[in-house]
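**Student:** Listed here are the chains, written in short residue letters.
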Amino acid sequence: MDTKRPVNLDLFQFKFPPMAILSITHRISGVVLFLWIPFFLYILHCSVDSPLTYIVLQHALQGFWMRLALWIGLSAVFFHLLSGIRHMAMDLGFWESVTESRWSAYATFVLGLVVILLLVVWIW
Amino acid sequence: MDMVEHVDRRGWRDWLVQRISAVLIGTYAIFLIIYVLLHEPMSYAAWYGLFSHFFMKISTLIVLLSILWHTWIGIWTVLTDYVKNQAMRLFLETVVCLLLLAYLIWLLDILWVVIER
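If you read the sequences in order, they're chains B and D.
Take the first sequence: its position 106, counting from 1, is numbered 108 in the working numbering, and each next residue is one higher.
Take the second sequence: its position 1, counting from 1, is numbered 504 in the working numbering, and each next residue is one higher.
Hints listed in this document are in silico derivations from the structure and should not be mistaken for laboratory results.
Glycine included, C-beta positions come from ideal geometry on N, C-alpha and C.
Just so you know, not all the hints are guaranteed correct.
[What the hints assert, rightly or not] Simulated coverage check for chain B against chain D, where a stretch passes if three residues somewhere in it have a Cβ under 8 Å from a Cβ of chain D:
1) 42-54
2) 72-86
3) 94-107
For reference, chain B alone in the conformation it holds in the complex (with noise of 0.2 Å):
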């Protein structure tokens, strides 16, 4: 076989069904929720330890960086926390076929959405 031959993959031709970007976006919110466990750790530390670090970490949690980071982790449990459910409700049995997977892919995605524009708003 001739190896020199030219390959013209382009990659953004192709065109992947919601169900496949819902999976990988699962994946991507449950590696960024495993990033994510020592700040969820340390706001929990602060805010349990005595009434002088909650405070302290109220504050805290004015600042951008710490506002930036706590609405990237809220929105990926949010996330997870959605698809995973679907993910569920397809192992018992539910939105098998392809339309109704689709349509449970998409609303998923929506509805993921609407929760991360709330967060946006309770957070800032």
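Following the hints, put chain D in place on chain B, whose structure we already have.
**Tutor:** Okay, now just chain D, sitting in the frame of chain B:
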């Protein structure tokens, strides 16, 4: 053959653990979200009071153990899929294991503060 069977059973166990832990974590998360929204703005007394309940301490510990096991299965899957170099994968798996163990000790330390008082 033994090896194949071992791996096969592990797949089934991972599948089940992933779902049981997901239900536990999900239930805890939804409860905590509703609790926070209902008590907005949260005072230290209310927040500390919640975590000083015996049931809450047990739940938090069980849910953290669920999170660690769930994370391990999830990260193991991701590493197996994307890291093809065996030495590199083994190294990353070790790092993840140590981190998860450290998080467990950290949570015990946090809950200990609440237990002590």
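**Student:** Would you pick out the hints that fail for this structure and give their numbers low to high?
**Tutor:** 3
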